[in-house]
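Trainee: Chains as they are written, first to last, in the UniProt record's numbering: chain A, 1 to 453; chain B, 1 to 453.
To be clear, the hints were calculated from the coordinates, so they are not data collected in a lab.
Under 7 angstroms between C-beta atoms, here's a sample of chain B residues computed to sit facing chain A:
no., residue
1, T5
2, E11
3, P108
4, F147
5, Y170
6, G378
7, Y423
Note that the structure is a prediction, hence the values are computed from the model and not measured.
Built from N, CA and C at the ideal position, the CB exists for glycine as well.
Number of protein chains: 2
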Amino acid sequence: MSESTKYFLPEDQMPKAWYNLAADLPTPVPPPRHPGTTEIISPDDLAPIFPRAVIEQEMSTERWIDIPEPVREICRLWRPSPLVRARRLEKILDTPAKIFFKNEGVSPAGSHKPNTAVAQAFYNKEEGVKHLSTETGAGQWGSSLAFAGSLFGLEVSVFMVKVSYNQKPYRRALMETYGATCVASPSPQTAAGRAILAAHPDSNGSLGIAISEAVEVAASRDDTKYALGSVLNHVCLHQTVIGQEAMLQMAMAEAEPDVVIACTGGGSNFAGLAFPYVREKIKGRSVRIIGVEPSSCPTLTRGQYAYDFGDTGKLTPLVKMHTLGATFMPPGTHSGGLRYHGMAPMVSHVKELGLMEARSYHQTECFAAAVQFARAEGIVPAPESSHAIRAAIDEALRCKAEGKAETILFNLSGHGHFDMQAYTDYFSGKLQDPEFDDAALAEALTDLPEIKG
Amino acid sequence: MSESTKYFLPEDQMPKAWYNLAADLPTPVPPPRHPGTTEIISPDDLAPIFPRAVIEQEMSTERWIDIPEPVREICRLWRPSPLVRARRLEKILDTPAKIFFKNEGVSPAGSHKPNTAVAQAFYNKEEGVKHLSTETGAGQWGSSLAFAGSLFGLEVSVFMVKVSYNQKPYRRALMETYGATCVASPSPQTAAGRAILAAHPDSNGSLGIAISEAVEVAASRDDTKYALGSVLNHVCLHQTVIGQEAMLQMAMAEAEPDVVIACTGGGSNFAGLAFPYVREKIKGRSVRIIGVEPSSCPTLTRGQYAYDFGDTGKLTPLVKMHTLGATFMPPGTHSGGLRYHGMAPMVSHVKELGLMEARSYHQTECFAAAVQFARAEGIVPAPESSHAIRAAIDEALRCKAEGKAETILFNLSGHGHFDMQAYTDYFSGKLQDPEFDDAALAEALTDLPEIKG
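Please build the complete structure, drawing on both the sequences and the hints.
Mentor: As structure tokens, this is what we get:
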């Protein structure tokens with residue numbers, strides 16, 4: 001088996017429980033707080049927008065949480081996802097390093113997102129919800145929830161960040177194929193959207209704005225709940241099937257990673273691959289864990305670790321995280337899924353504890369890596385995932401320079417089939433690396449909420 | 001294992017030889033003839049456009065032809081492809097039938113086409129060719145050859161049928177990502193293209209025209225050969241890995257197909273899945289084998305079995321096949337890969353021998369099947385593949401009506417990620433089922449070449 005290119009687990013070895021890092025952290029993640037009072041919130045405060053089971057998972061410190069059988073059954077459509085040895089890339093780089101990647105692009109929607117979408121749709125269905133509202137950046141999350149909704153007979157409404165809505169009409173078509181509706185955000189359908197449109201009629205939108213719209217819809221309709229595709233603890237939890245599978249598959253390949261890499265937008269694909277390895281690291285194992293983000297939205301590398309709102313409209317609970325400020329507006333790059341002002345509180349906490357590293361790259365150097373990867377391995381990656389590829393290639397080149405035969409594992413969080421305009425723009429030279437706006441960051445950070453008591 | 005959803009073969013069970021149906025046919029396929037003299041052609045006649053090894057395979061009657069190890073190594077990037085049991089679709093249809101599909105959409109270019117593209121690129125590289133020219137309809141073949149060319153350092157030029165070029169800009173972007181160049185056909189770059197443009201400036205193009213352009217380029221440049229993505233014997237040969245794998249995987253699933261289904265454009269994905277089963281059928285096994293084509297381009301169901309040109313420009317050898325006439329211009333439907341006036345001579349011969357059935361569907365009923373499939377199984381199929389899905393669903397419904405627990409196996413030849421405009425058009429009601437033009441067919445058939453001697 002160790003000479004294979006792809007490592008598949010049998011379906012009966014798909015994880016039966018999610019791994020909850022909260023059980024193993026040396027200090028707990030700071031709790032969420034009420035956006036008005038700034039008091040620590042109770043489960044009841046979240047009940048208008050999330051189902052009970054999801055709220056329990058959000059607050060849980062149990063190490064293992066059983067995956068319901070109907071969720072596992074649906075995930076068998078594509079899981080366990082393959083672990084792949086990038087042999088051709090290794091050869092082209094002429095590196096002594098071994099490069100492995102977990103291919104989450106094999107899912108119906110083309111990314112890791114269905115891992116949590118199916119779970120969230122299941123719990124909502126169980127609790128009698130009829131309709132889910134959500135936001136989406138690049139469209140990966142929206143199409144994942146559309147897919148999951150179609151399997152459980154739930155109506156799904158997606159607010160899609162306008163810059164991506166215009167760049168990626170076929171993501172919208174995919175959501176509609178799964179039976180969901182999709183509108184550009186900011187939209188005139190919500191008070192939050194109308195307020196932004198009044199102040200900035202040409203707004204490109206942002207994940208923060210789209211979240212405000214989706215939460216508003218959920219809070220104002222009895223049959224509707226909200227579903228979030230990243231950031232929160234339960235989302236990170238649902239993604240841990242990735243890392244659990246990877247560990248079994250790395251054992252099949254008779255290899256152990258020295259470096260574990262994933263891109264970070266809201267943090268969930270990173271958490272999915274990395275948290276099982278963070279657990280090992282806490283137990284004393286030597287492994288470097290690297291989160292990779294865009295230089296245009298450098299949450300972990302330039303953000304402040306502070307309580308902040310998850311959305312621009314300041315409707316969500318306050319969570320302690322690395323943030324650029326809820327009003328920070330990232331430029332309209334092609335990595336829509338990484339254009340978020342904050343970071344998963346649990347990932348932020350892991351960073352503060354020194355259990356991970358973070359680095360940032362400009363988009364053109366990521367596209368160069370993506371094209372090199374596509375021409376070696378055949379798979380055209382999502383622009384988001386290309387950040388992880390850039391870091392993996394750089395680590396492999398470092399190994400070459402240092403003469404070290406390390407093992408590198410990265411998460412290929414999704415394919416780029418719906419992102420080809422980005423590649424067209426890259427080849428035509430139209431893609432820019434926007435200059436980072438230090439003043440805008442400084443201003444957005446002055447706006448962080450003050451915590452009382 | 002029999003309770004699984006997906007059946008994976010280990011990489012070392014990937015076929016080591018291609019299966020050549022010519023060895024088992026009760027009567028031989030009529031040989032190709034020279035377009036000028038109409039004499040039976042010799043291998044030398046094909047030498048200007050194909051490499052020697054490919055010409056040998058085209059004419060071979062050996063039952064098994066070894067797959068070169070470098071080809072197998074590259075195919076391990078995605079092969080063996082999964083066999084999937086469509087359990088959710090079965091449930092929704094409430095049918096006693098078992099439905100299996102072979103998922104060729106997992107390849108880098110998203111269809112079965114790389115199976116032959118890699119082999120053809122390998123043989124050309126071995127014989128010192130620097131540049132490959134080809135045509136593409138929907139873009140599946142062009143992107144597959146672009147991918148294969150990038151792996152072997154070959155320059156690739158693709159003539160893309162204009163209607164698809166305009167419908168599918170992201171297929172072009174995919175080819176460019178793999179390093180190929182792609183122009184709309186008819187183009188001003190060739191005499192064949194200029195002649196069409198002079199007569200029909202608004203021509204939508206057709207596979208027949210694009211073939212003329214690509215062959216012209218190959219014939220006129222010493223460092224250049226032509227590569228064809230379907231129709232010819234060697235292409236059908238290279239695709240037989242599909243059916244060979246499927247047989248092993250059906251055994252893993254402890255099932256045997258009563259019905260084997262694939263869509264037919266040029267015939268290669270059909271041949272790939274079906275020919276190993278045709279062999280069994282010749283040996284006496286009871287199995288129905290069904291080719292499914294668009295009602296707008298009904299080669300097998302309404303064409304004439306006769307010698308005809310493979311292209312509109314009348315440059316190619318004459319082959320005996322089911323044809324609508326080389327000048328027949330199919331309407332611009334969304335199944336670009338099925339818009340071909342002819343059919344693989346070997347598939348045509350199998351049809352004449354009564355070893356297969358053929359049927360045709362309108363595109364809207366195929367899209368309805370595609371959406372039902374996507375909402376059940378998560379995978380959005382290529383419009384071409386939706387023809388096979390339509391037939392599989394209809395067979396499953398027949399089983400329900402007749403109370404028969406048959407086993408149905410179809411080829412999901414590709415995914416539809418680059419065909420989302422077609423889905424958008426379908427949902428908006430813009431998709432039409434064009435009325436078949438009987439007079440145009442009759443006229444095109446008057447133009448069939450006369451065979452001397």
